[in-house]
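*Asks:* Sequence:
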Amino acid sequence: MKKLFTVILAGLMLSGAAFGFTGCANNAEDETQSNTNTLAVDTASLGLMADNTLTIGMEIGYPPFEYYAEDGVTPIGFDVDMVNAIADKLGLEVNFINTAWDVIFAGIGMNYDVVVSGVTITEERKETMAFSTPYINNYQCVVVPTGSDLKVEDFLMLESLSVSVMKGTASDIMVTDLIDTGSVSCTVKRNEQVPTCFTELANGEVDVVVCDSTVADSYVAKNPEKYTIAYRDETAPEQFGIAMGKDNAALLDAINQAIAALEEDGFFEANTTKWFG
Numbered sequence: 021m022k023k024l025f026t027v028i029l030a031g032l033m034l035s036g037a038a039f040g041f042t043g044c045a046n047n048a049e050d051e052t053q054s055n056t057n058t059l060a061v062d063t064a065s066l067g068l069m070a071d072n073t074l075t076i077g078m079e080i081g082y083p084p085f086e087y088y089a090e091d092g093v094t095p096i097g098f099d100v101d102m103v104n105a106i107a108d109k110l111g112l113e114v115n116f117i118n119t120a121w122d123v124i125f126a127g128i129g130m131n132y133d134v135v136v137s138g139v140t141i142t143e144e145r146k147e148t149m150a151f152s153t154p155y156i157n158n159y160q161c162v163v164v165p166t167g168s169d170l171k172v173e174d175f176l177m178l179e180s181l182s183v184s185v186m187k188g189t190a191s192d193i194m195v196t197d198l199i200d201t202g203s204v205s206c207t208v209k210r211n212e213q214v215p216t217c218f219t220e221l222a223n224g225e226v227d228v229v230v231c232d233s234t235v236a237d238s239y240v241a242k243n244p245e246k247y248t249i250a251y252r253d254e255t256a257p258e259q260f261g262i263a264m265g266k267d268n269a270a271l272l273d274a275i276n277q278a279i280a281a282l283e284e285d286g287f288f289e290a291n292t293t294k295w296f297g
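In this text, residue positions in the sequence shown follow the working numbering: the first is 21, and each later residue adds one.
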């Protein structure tokens, strides 16, 4: 979660300037609030851990999707607004559980009902969890310092470079696979949170950051004097979704209904404008 990726809602891919939407919303921050008309959903049938509350596992250190406001305690971001809007549609309260990324999926059904944290849908993950309708197309990309002479035309050009990634992400997995298969020999610094990766890049501690394009676009937009996207692999799109237990069909159906209703309300267009411009 932007100029070069697409929101996918109710199985329909929409293409355009930002998340597939055309035009810009006025007063975007106000318009990110969902239509308060709740859906006709029997919340008692959703198998929630707490009555009338959607409990969410989230690694709150992944801007612009989820991070803390300046007060250090209030979660904000694209995913935060989205899940709040979904809960409104379902007539539920929300409870965010900040969880380290490398153990986040193990807590589904034990510590929280769902994971909403920029989760890439993969075939491997679908073996152990269910996913909502995808809501974002994302790409892997390489970020370099602004003014860098490095030319990156594919990931094989990471050869001999020092690379910073967020531990356990699709970016980490991809770079690790390149190394394990002998395709690339490079030095990798794995960090617990993505802001550390960009700090390392700004400080000259690494040559590049490999990360989600959705994240990279936000950093570049806010800090064009520091960061530039050198390469974006648009041949291999990834989709983000809300993860939950495979056996909770009622919750999956309710969340998908809420996502479709929010799309009709124009929520995603406004939320995109708010967080990605």
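None of these hints come from the bench; they were simulated from the model. Among the hints, erroneous ones may be present.
Restraint ranges, calculated between C-beta atoms of paired labels, are given here [unchecked claim]:
id, residue 1, residue 2, range
1, 113, 169, 28 to 34 Å
2, 118, 59, 44 to 50 Å
3, 174, 143, 30 to 36 Å
4, 122, 91, 41 to 47 Å
5, 179, 71, 50 to 56 Å
6, 196, 241, 44 to 50 Å
7, 123, 245, 33 to 39 Å
8, 167, 92, 32 to 38 Å
9, 89, 284, 28 to 34 Å
10, 266, 70, 50 to 56 Å
11, 148, 209, 15 to 21 Å
12, 209, 145, 39 to 45 Å
13, 270, 169, 52 to 58 Å
These numbers come from a predicted model, not from an experiment. Ideal placement from N, C-alpha and C gives every residue a C-beta, glycine not left out.
*Asks:* Next step is simple, just say for each hint if it's right about the structure.
*Replies:* Against the structure, the hints come out as follows:
The given range of 28 to 34 Å is broken by residue 113 and residue 169, whose C-beta atoms sit roughly 52 Å from each other. Under the hint 44 to 50 Å, the C-beta atoms of residue 118 and residue 59, about 28 Å apart, miss the expected range. Take residue 174 and residue 143: their Cβ atoms lie about 23 Å apart, and the range 30 to 36 Å is violated. Look at residue 122 against residue 91: about 26 Å separates their beta carbons, and that is not inside 41 to 47 Å.
A C-beta distance of roughly 55 Å is found between residue 179 and residue 71, which places it inside the suggested range of 50 to 56 Å. Between residue 196 and residue 241 the Cβ separation comes to about 28 Å, which falls outside the hinted range of 44 to 50 Å. For the pair residue 123 and residue 245, the beta carbons lie near 36 Å from each other, so the given range of 33 to 39 Å is met. A C-beta distance of roughly 33 Å is found between residue 167 and residue 92, which places it inside the suggested range of 32 to 38 Å.
Look at residue 89 against residue 284: about 29 Å separates their beta carbons, and that is inside 28 to 34 Å. The beta-carbon spacing between residue 266 and residue 70, approximately 21 Å, falls outside the hinted interval of 50 to 56 Å. The beta-carbon spacing between residue 148 and residue 209, approximately 29 Å, falls outside the hinted interval of 15 to 21 Å. Checking the proposed 39 to 45 Å range against residue 209 and residue 145 shows it is violated: the Cβ atoms sit about 25 Å from each other.
Restraint check, residue 270 to residue 169: a C-beta distance of roughly 55 Å satisfies the suggested window 52 to 58 Å.
Checked against the numbered hints above, the structure violates hints 1, 2, 3, 4, 6, 10, 11, 12; every other hint is satisfied.
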